[in-house]
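> Working from the sequences, and respecting the hints, build out all of it.
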Amino acid sequence: MIGFILRRLLLLCPVLLGVITLVFFLIHLIPGDPVELMLGDSAFSADKDELREQLGLNKPVYEQYGRYLTGLFKGDLGISIHSREPVLENIVERLPATLELMAGAMFVAIGLAIPLGLISAVKRGSWIDQLAMFFSLLGVSIPNFWLGPMLILLFAIQLDWLPVNERGSFLHLILPAITLGTALASILSRITRSSVIETLGTDYIRTALSKGISEFQIVTRHAFRNALIPVVTVIGLQVGVLLSGAIITEYIFDWPGLGLLLIEGIQTRDYPLVQGCVIFIATSYVFVNLLTDLSYALVDPRVRLQ
Amino acid sequence: MMLFVLPASLAPWIAPYDPETISLSEQLKPPSWEHPLGQDQNGSDILSRLLYGGRISMYVGFWVIGISGTIGVLIGLISGYYGGWLDTVLMRVVDILLAFPGLLLAIALVAVLGPNLNNVVIALTAQGWVSYARLVRGQVLSVREQEFVLAACTSGISDNRIMFRHILPNIIQPVIVQATFNLAGTIIAESSLSFLGLGVPSGTPSWGVMLSEGKDVLFEAPFVSIFPGLSIMVMVLLCNILGDALRDYFDPKIDS
Numbered sequence: 001m002i003g004f005i006l007r008r009l010l011l012l013c014p015v016l017l018g019v020i021t022l023v024f025f026l027i028h029l030i031p032g033d034p035v036e037l038m039l040g041d042s043a044f045s046a047d048k049d050e051l052r053e054q055l056g057l058n059k060p061v062y063e064q065y066g067r068y069l070t071g072l073f074k075g076d077l078g079i080s081i082h083s084r085e086p087v088l089e090n091i092v093e094r095l096p097a098t099l100e101l102m103a104g105a106m107f108v109a110i111g112l113a114i115p116l117g118l119i120s121a122v123k124r125g126s127w128i129d130q131l132a133m134f135f136s137l138l139g140v141s142i143p144n145f146w147l148g149p150m151l152i153l154l155f156a157i158q159l160d161w162l163p164v165n166e167r168g169s170f171l172h173l174i175l176p177a178i179t180l181g182t183a184l185a186s187i188l189s190r191i192t193r194s195s196v197i198e199t200l201g202t203d204y205i206r207t208a209l210s211k212g213i214s215e216f217q218i219v220t221r222h223a224f225r226n227a228l229i230p231v232v233t234v235i236g237l238q239v240g241v242l243l244s245g246a247i248i249t250e251y252i253f254d255w256p257g258l259g260l261l262l263i264e265g266i267q268t269r270d271y272p273l274v275q276g277c278v279i280f281i282a283t284s285y286v287f288v289n290l291l292t293d294l295s296y297a298l299v300d301p302r303v304r305l306q
Numbered sequence: 001m002m003l004f005v006l007p008a009s010l011a012p013w014i015a016p017y018d019p020e021t022i023s024l025s026e027q028l029k030p031p032s033w034e035h036p037l038g039q040d041q042n043g044s045d046i047l048s049r050l051l052y053g054g055r056i057s058m059y060v061g062f063w064v065i066g067i068s069g070t071i072g073v074l075i076g077l078i079s080g081y082y083g084g085w086l087d088t089v090l091m092r093v094v095d096i097l098l099a100f101p102g103l104l105l106a107i108a109l110v111a112v113l114g115p116n117l118n119n120v121v122i123a124l125t126a127q128g129w130v131s132y133a134r135l136v137r138g139q140v141l142s143v144r145e146q147e148f149v150l151a152a153c154t155s156g157i158s159d160n161r162i163m164f165r166h167i168l169p170n171i172i173q174p175v176i177v178q179a180t181f182n183l184a185g186t187i188i189a190e191s192s193l194s195f196l197g198l199g200v201p202s203g204t205p206s207w208g209v210m211l212s213e214g215k216d217v218l219f220e221a222p223f224v225s226i227f228p229g230l231s232i233m234v235m236v237l238l239c240n241i242l243g244d245a246l247r248d249y250f251d252p253k254i255d256s
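Residue numbers (the numbering used here), protein chains in the order written: chain H, 1 to 306; chain B, 1 to 256.
Since the hints were derived computationally from the structure, they do not count as laboratory data. Since this is a predicted model, take the numbers as computed values, not measurements. Yeah, the Cβ is synthetic: ideal placement off N, Cα and C, and Gly gets one too. Accuracy of the hints is not assured; some may be wrong.
[To be verified] Pair ranges (Cβ atoms, derived):
| # | chain 1 | residue 1 | chain 2 | residue 2 | range |
| --- | --- | --- | --- | --- | --- |
| 1 | H | LEU171 | B | SER202 | 31 to 41 Å |
| 2 | H | GLU166 | B | ASP159 | 32 to 42 Å |
| 3 | B | GLY84 | H | TYR62 | 38 to 48 Å |
| 4 | B | GLN41 | H | PHE107 | 35 to 45 Å |
| 5 | B | TRP13 | H | ALA103 | 33 to 43 Å |
| 6 | H | VAL232 | B | PRO7 | 41 to 51 Å |
| 7 | B | GLN27 | H | ARG67 | 46 to 56 Å |
| 8 | H | SER42 | B | GLN173 | 51 to 61 Å |
Set out below in C-alpha cells:
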C-alpha cells in the first residue's frame, strides 16, 4: 500500500506543477498592462511601480515564475491588493464557511439520494422508479443559480420560514445547502439505483432469496452494503462539483466562503487573490481525488495492482 | 428541442419588441396582454429578451461543442492511435486541465480575458475538449486492436486514412451522446458566467444576465427571475433527455 501511495504522489507532481504554471501564466494573458487594470488609469505612477515591484512584473518572466514557485513552496500565495493581507490568510479565514456549506450540501445529497436510489432499484420499472428518476433528471437540469433564488422566494420571502444571506445559525445553512446539494443528490441517486440493481442480480443474493430471507433483509443487510462501494467513490469524486458549485451558491446567498472571495477578487481585479484562490481550490480538488483513490485501494486490493 | 431552437433563431422576426428598449416608466410591470411575461427593471419586454437570450445560449452552446468536440476528437484519436510519449504528454495535459473542478478554469480565464461572448466561448472550450479527448482515446485503444484495423494496417493504408475512415466512424456514437450532454452543460456554464457578471456584458439579453438582474428584484418582481430560469431548466432537461435517449438507442445494453 505504501508503494501505491508513493506512486500516486509521484504522478501528482507533474499535474500540480502544470496547474501552478497555468495559473501563473494567467496573469500574463491579461490584455494590456495588468497593473493599470488593477489600479485603474488614475493611479499614481509611484503606486503602479510599487505594485509592479510587489508582483515582480518588472522582472523577466522566468524570474517571476521561479519566485512564484519558491513562494508557493513556502506557503506564500502573494499579497492581496485589496486587503493588503497575505492571500493565504484570506483563504484560511474563508475556508471554514465553504467547508460548512459543502458538508451541509453533502448531507442533503446523501440524505435524499440513498433512499431515492434504493427505492427506485427495488421498485424497478414501477411508477415510483420512473417518478424518482424523473426527479433526478430534473435535479441535474435545474441550474443552482436559479434554484437558489427560487428557494429564497418561497421559503424566505413568501413563507418567511428561513433566513437568507450570510452565515449565522444552522437555519442559515439550510437553503444554501439544498441549492448546492440538489445536483449531487440527482447524480448519486442514479448511481445508487444502478449499483443496487447490479448487486440484486448477483449469485449470493439469489442464494439468500432461495434460503427464504425476506426481501427487506436482503436489500438492507446484503445488497445495500455492497452497492454502497461505487456510491462512496462517486461521493469522493463529486467533491469537485461541490467546490465549483459553491462559488455560485456563495455568491447567491452572500455566504462568506472561498467562492465569494474568488468572485470578490475578480470584481476588484485583485489578481493575486484570484490566482491564490484558483490554485488553492484546484490543489484541494487534486488531493481529495487522491484520497478517494487511496480509500478505494484500501477497500479493494485489486486497484493497487493496476 | 426545436421549440427552443426555432424561436431563438427567428428572434429578430418574431420578438414582439426590441429586447434592449428601455422604458423606465414601465419598470417591473407584471405579465399582461401586451407583455405576456412582463417587463424587467428597465421596462424591457421579458419575452423578447428571452427569445434573444436563447440565441446567445445556442451560439455559445454550438460553438463550444463544435470547437471542443473537434479538438477533443483529434487529440483523442492521435493519442490513442499513436500511443507512446505523445499519448503520455497529451494525457498529462488532460490531467492538468481536469484538476480544475467545474467552472473554475473558465471563471479564471474570463476574469483575465474580460467578459464578452467570444471570451466565454474560448474559456469554455479551453476545458471542454478534455472530456472528448479522454472518451475518444479510450475508444480508440479498444478499436485499434480489432481485426479490421489490423487488416487495414497490413494493407499499407496511411495512418490518417485508418484513423478517419476506419476508426472514427466506429467510435463516433458515444461522442454524439457526450456532445448532447455537453450542450446541456455548456448552456448552464454560459448562464452561470453571465449570472456572475463574467459572461456577456450587463444589459445584453442573455438568460444568465436576466437571472442576475432578476435576483436584485426578487421580492418586488419574481417573474423577472422565474421565466429565464424556467427556460434554462427546460432546455437543459431536453438536452439530458435527448442524451439519455441517444445513449439507449446506440447501446441498448446500457440501463440509463
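> Next step is simple, just say for each hint if it's right about the structure.
Structure-based check of all given hints:
Remark: the range hint 31 to 41 Å for LEU171 of chain H to SER202 of chain B is upheld by a beta-carbon distance near 33 Å. A hinted range of 32 to 42 Å is violated for the C-beta pair GLU166 of chain H and ASP159 of chain B, which are about 59 Å apart. Distance hint for GLY84 of chain B and TYR62 of chain H: a CB-CB separation of about 30 Å, inconsistent with the stated range 38 to 48 Å. Evaluation of the 35 to 45 Å hint for GLN41 of chain B and PHE107 of chain H yields a pass: the beta carbon distance comes to about 37 Å.
Between TRP13 of chain B and ALA103 of chain H the C-beta distance comes to about 51 Å, which lies outside the given range of 33 to 43 Å. Checking the proposed 41 to 51 Å range against VAL232 of chain H and PRO7 of chain B shows it holds: the Cβ atoms sit about 44 Å from each other. Between GLN27 of chain B and ARG67 of chain H the beta carbons are some 52 Å apart, a value that agrees with the proposed interval 46 to 56 Å. Checking the proposed 51 to 61 Å range against SER42 of chain H and GLN173 of chain B shows it holds: the Cβ atoms sit about 58 Å from each other.
Figure legend: structure checked against the earlier numbered hints; hints not met, in rising order: 2, 3, 5.
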